[in-house]
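Model the placement of chains B and C on the given structure of chain A, informed by the hints.
Quick mapping for you: the protein sequence lines, in order, are chains A, B and C.
According to the working numbering, the stretch in the first sequence is residues 1 to 297, in order.
According to the working numbering, the stretch in the second sequence is residues 1 to 281, in order.
According to the working numbering, the stretch in the third sequence is residues 1 to 402, in order.
Quick caveat, the hints were computed from the structure, so don't treat them as lab data.
These figures come from a predicted structure and were not determined experimentally.
Incorrect hints may have been included.
Unchecked claim - Restricting the straight-line Cα-Cα distance to at most 27 Å, the calculated cross-link-like pairs of lysine-lysine (DSSO-like) are: (1) C:170 x C:270; (2) B:137 x C:54; (3) A:99 x B:8; (4) B:15 x B:4; (5) A:286 x B:106; (6) C:258 x C:270; (7) B:4 x A:99; (8) A:99 x B:106; (9) A:104 x B:137; (10) B:15 x A:104; (11) C:278 x C:170; (12) B:106 x B:197; (13) A:99 x B:15; (14) A:104 x B:8.
Unchecked claim - Residues of chain C placed beyond 12 Å of chain A at every Cβ, according to the derived structure: (15) 5; (16) 8; (17) 40; (18) 76; (19) 106; (20) 107; (21) 208; (22) 257; (23) 336; (24) 337; (25) 342; (26) 352; (27) 371; (28) 375; (29) 383; (30) 401.
What the hints assert, rightly or not - If you want a taste of the chain A side facing chain C, the calculated C-beta under 8 Å gives, among others: (31) 40; (32) 41; (33) 45; (34) 47; (35) 131; (36) 132; (37) 213; (38) 243.
We put the beta carbon where it would ideally sit given N, CA and C, even for glycine.
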Amino acid sequence: MRARARVGVLFVSPALTLFCLFLVGPILGALILSFTNFNVYAIGNWLRASFVGISNYRELLFEDPLFWVSLRNTFYCVSITVPATIAFSLLAALLLNSKRLRGKAFFRLLYFLPVVTNTAAMAVVWRWLFNYRFGLVNGLLSLLGIKGPNWLGDPAWAIPAIAAMVIWRGIGFNMLIFLAGLQGIPNYLYEAAAIDGANTWAMFRYITLPLLRPTTLLVTVMTLIGHIQLFEEPFIMTGGGPLNATLSVAMYIYRLGFRFFRLGYASSLAYVLFLIIFVVTLIRMKIGRSTFDYAGS
Amino acid sequence: MQGKGFRKAWRLTSKAALHVLAGGGAVIMALPFIWMLSTSFKPESEVFQFPPRFIPNTITVANYINLFQRLNFIRYFLNTSLVAISITLGSLFINSLAGYAFAKIKFRGRDPLFMGILATMMVPGSVTLIPSYLLIKSLGMVNTYAGLILPGLASAFGIFLMRQFIRTIPNELIEAAQIDGASEFWIFLNIILPLSKPALATLGLFTFMGSWNNFLWPLIIATDERMYTLPVAIAVLRGQHGGEFALQMAGAAVVVAPILIVFLLLQRYYISGIALTGMKG
Amino acid sequence: MKWREIAFVVLVVASLVGLNATARTPITIWAMGEEGLNLEQITPRFEEENPDIKVRVVQIPWDLAYDKIITAVAGGTAPDLCQVGTTWMAAFASMGALVPLDEFIARSQVVSPANFFPGSWSTAVVGGTVYGVPWYVDVRVLYYRTDLLQAIGVEHPPTTWEELYQVGLKLAEQGEYGLGLSPHWQEFLPFVWQAGGHVLDQTLTRPRVTDPEFIEALEFFVSLFQSGIAPIGEEIDLFEAFRTGFYPMFFSGPWMVKLISQRLPEIEGKWFVATMPKKVTRASFVGGSDWAIFASTPHREECWRFIEFMSRPDVQVDWYRILRALPAVTQAWQDPLLAEDPLMQVFATQLEDTVAPPATPAWEEIAQALTTRVEEAIRGVHTPTEAAQLLDQDIRKILARL
Chain A
1 MRARARVGVL FVSPALTLFC LFLVGPILGA LILSFTNFNV YAIGNWLRAS FVGISNYREL
61 LFEDPLFWVS LRNTFYCVSI TVPATIAFSL LAALLLNSKR LRGKAFFRLL YFLPVVTNTA
121 AMAVVWRWLF NYRFGLVNGL LSLLGIKGPN WLGDPAWAIP AIAAMVIWRG IGFNMLIFLA
181 GLQGIPNYLY EAAAIDGANT WAMFRYITLP LLRPTTLLVT VMTLIGHIQL FEEPFIMTGG
241 GPLNATLSVA MYIYRLGFRF FRLGYASSLA YVLFLIIFVV TLIRMKIGRS TFDYAGS
Chain B
1 MQGKGFRKAW RLTSKAALHV LAGGGAVIMA LPFIWMLSTS FKPESEVFQF PPRFIPNTIT
61 VANYINLFQR LNFIRYFLNT SLVAISITLG SLFINSLAGY AFAKIKFRGR DPLFMGILAT
121 MMVPGSVTLI PSYLLIKSLG MVNTYAGLIL PGLASAFGIF LMRQFIRTIP NELIEAAQID
181 GASEFWIFLN IILPLSKPAL ATLGLFTFMG SWNNFLWPLI IATDERMYTL PVAIAVLRGQ
241 HGGEFALQMA GAAVVVAPIL IVFLLLQRYY ISGIALTGMK G
Chain C
1 MKWREIAFVV LVVASLVGLN ATARTPITIW AMGEEGLNLE QITPRFEEEN PDIKVRVVQI
61 PWDLAYDKII TAVAGGTAPD LCQVGTTWMA AFASMGALVP LDEFIARSQV VSPANFFPGS
121 WSTAVVGGTV YGVPWYVDVR VLYYRTDLLQ AIGVEHPPTT WEELYQVGLK LAEQGEYGLG
181 LSPHWQEFLP FVWQAGGHVL DQTLTRPRVT DPEFIEALEF FVSLFQSGIA PIGEEIDLFE
241 AFRTGFYPMF FSGPWMVKLI SQRLPEIEGK WFVATMPKKV TRASFVGGSD WAIFASTPHR
301 EECWRFIEFM SRPDVQVDWY RILRALPAVT QAWQDPLLAE DPLMQVFATQ LEDTVAPPAT
361 PAWEEIAQAL TTRVEEAIRG VHTPTEAAQL LDQDIRKILA RL
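Only chain A is shown next, with the shape it has when bound in the complex (with noise of 0.2 Å):
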């Protein structure tokens, strides 16, 4: 067993040596940032640049609202974006999986089209949805007796119009590991469950869910790890307004490192969002832990 173990190590090493090539120097590099004062002045001449221990660190939790707004901001969207997207891509995936539908691939290529459409057409089309008297989310409001607000220049009603466009993206990109995950599971299983007179609903809640357990947890984790450095939607469409109710982390820490060079600064505001990540992340594959071992039988 000692070899076959050495082989796992060989087989993993490539990856390993590229990730160590490439990416561990720059992330301890930035952790090394984010414990001095780099701005403006250092970027041309590094020696310009001191450490300061950890009070960027102490600034950031103490000192700053903006921090804690955008933190705000932040789980506010993905409250809402990560158990929706991770619902509606499953739902789309056993839709677009049963064998009833005719066009599969062409059905799924159009789900699949929000992923990879230029963003500043999709901000277009978004903002005429939301706009306030002309879009066609309020006209559908209206149909229902509801005047619908201001979406994206209300600052009560941006988060949500901004997740429901992160949740519109991150459908099509979803579905596709869950219909991979789908074709993993053996098709004799739902023959010998009609067999034995299960219905639809009970296949779905013994068969699939269970056997889709590896996949759902790809799905939770990426979906976490994703959302919850947003930074895309709000971008192109609010730029972080109004008011500030839709600037993210991810944005803070773009706005605090390329707009006003405090690299420093947003490395440790990029740190802090690490850890959250991380601890967020360890939970959720703590709770998928009794259920991991699942190799069908």
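Coordinates of chains B and C only, in the frame set by chain A:
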């Protein structure tokens, strides 16, 4: 009599409902794409009408002609293809190999190492951009294909995806081969890979898409246009204040087309559990 | 026999040609978007006049150009010469990335501060040293629908704050809004300057946002929104809004001239531009791009010659002909192409009264704080005076870190 008719009606209605649900969702999904496509065929004067028009009043191919004339299209297309295909093929091999090891081979430190690899996805890219650039520069890879391809080969997501999928492959298959004296690598090539086609197709698609669409890294790495990828080259055509939107949409459509073709080509790997039927529990 | 002679001649010619080619000093220029794409129409002429220099233009997209230049400076791979947006000058100069140009200017026949619009020249001066030479400028003016103004009985565009308010109110009553305005600092600051106020003091170390002029400007700006003249938080595409009269007036730069003609042919002849409304002055925001030489280049002299070339009035006019970007050199405006264009003459008049944002590397951060506090005042979260005081604290914190 009545029972049979009822069941048939139920099957038909649920089938119709299925199509309606799937179709309705599909329309929402495709809306911005359709607008993008239709705008690429509009003259500039029609672009910013409100509400947005999904069918152009005047259809023109001038934007596409313009695009191909102003861009050295062949060069950027070949450039981007070389980079994307290299990264995709290399990534599929490297990450599935590692994924297999993490999924089925026990070795010391395996799980903490895996968490460590996952952790690399948790650091936002903005703060590692400049350190990464400095690293590439010190390795002498600025403005080279190596600098474009190598950093993209190992993917924490890819390893995670392959690991999760390979975990669902029954251990009995592997053990049987081991008893027959097969090497790990043989098992990997002849048992694991064929059974992982849907996961490989998914990873292949995402890797291809990511490297084909990559904008920031090729922009930063290049010191002249030779190393630009297609998205970067098209972005050069955009004015500071966003002129020529229809042209940009034509560019976006051109960039997206190969990805959609790859998507459709890979659909045939999403086949349900073929290799696992006929297996005794 | 003959072969050897021919070979000899060929060898000599080849080596002469080769020598000549390698004797040319190469300079690499980074230029963005359309400017980059079109610069190669002019560079051949420069190479003719300067046979010892070879120019290579690298085109970079406007998207993330800033990020690319920053990374290049940090990585030591900056180009020889670069087009730099005016609002970026202070940052790059503070990084130590740019070459001070005072000496070059002192001995130059072509480039001198007097040849440029004062507001534009000031964008290239950081801490008393000149780091760039303006290439082209952009200045903001008032765009307005002539027909919609006539319809409410207004014959000429508003020329003072009071008129702006009254006309805006009337237009808003008849239609939807009177003025398409946003809380962005580039739209707000001209009002401050028009009132005679400033964001920072002369030394750029202290905020002056609690001065009465600043607060007066903020109060006026806020009143434009709260009276219904300008929209609060409503997002509508500017072109469509101008076309339908949703926004009968708005402030913007010269690029809109081309874009409006291109995208809104239906309102041809129904719109025009006017200079900023006046309070104490009618100052407007000036921007554009400057040429800057990067400190890492071994070819400073050659880069300077290129800058001199681009600053010649005739070349400036040629550039206008190619891209319709406003020349930074005043003499270029005497060319009939510009002098006889009534639309351009409005820009020419406005260019005499412009202010650029303070040349401090912390400007982006200050501008962000500015936009936030102004937005808060507009939405009634704070009164203008409160917002100004909070802004004062914000700016002090930012400057203290420098």
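Evaluation of the provided hints:
| no. | hint | verdict |
| --- | --- | --- |
| 1 | C:170 x C:270 | 19 Å, holds |
| 2 | B:137 x C:54 | 26 Å, holds |
| 3 | A:99 x B:8 | 17 Å, holds |
| 4 | B:15 x B:4 | 16 Å, holds |
| 5 | A:286 x B:106 | 19 Å, holds |
| 6 | C:258 x C:270 | 15 Å, holds |
| 7 | B:4 x A:99 | 21 Å, holds |
| 8 | A:99 x B:106 | 38 Å, violated |
| 9 | A:104 x B:137 | 47 Å, violated |
| 10 | B:15 x A:104 | 13 Å, holds |
| 11 | C:278 x C:170 | 19 Å, holds |
| 12 | B:106 x B:197 | 24 Å, holds |
| 13 | A:99 x B:15 | 10 Å, holds |
| 14 | A:104 x B:8 | 23 Å, holds |
| 15 | 5 | 57 Å, holds |
| 16 | 8 | 52 Å, holds |
| 17 | 40 | 27 Å, holds |
| 18 | 76 | 9 Å, violated |
| 19 | 106 | 25 Å, holds |
| 20 | 107 | 27 Å, holds |
| 21 | 208 | 21 Å, holds |
| 22 | 257 | 23 Å, holds |
| 23 | 336 | 39 Å, holds |
| 24 | 337 | 34 Å, holds |
| 25 | 342 | 34 Å, holds |
| 26 | 352 | 32 Å, holds |
| 27 | 371 | 8 Å, violated |
| 28 | 375 | 6 Å, violated |
| 29 | 383 | 16 Å, holds |
| 30 | 401 | 7 Å, violated |
| 31 | 40 | 5 Å, holds |
| 32 | 41 | 6 Å, holds |
| 33 | 45 | 6 Å, holds |
| 34 | 47 | 11 Å, violated |
| 35 | 131 | 7 Å, holds |
| 36 | 132 | 6 Å, holds |
| 37 | 213 | 40 Å, violated |
| 38 | 243 | 6 Å, holds |
Checked against the numbered hints above, the structure breaks hints 8, 9, 18, 27, 28, 30, 34 and 37 and satisfies the rest.
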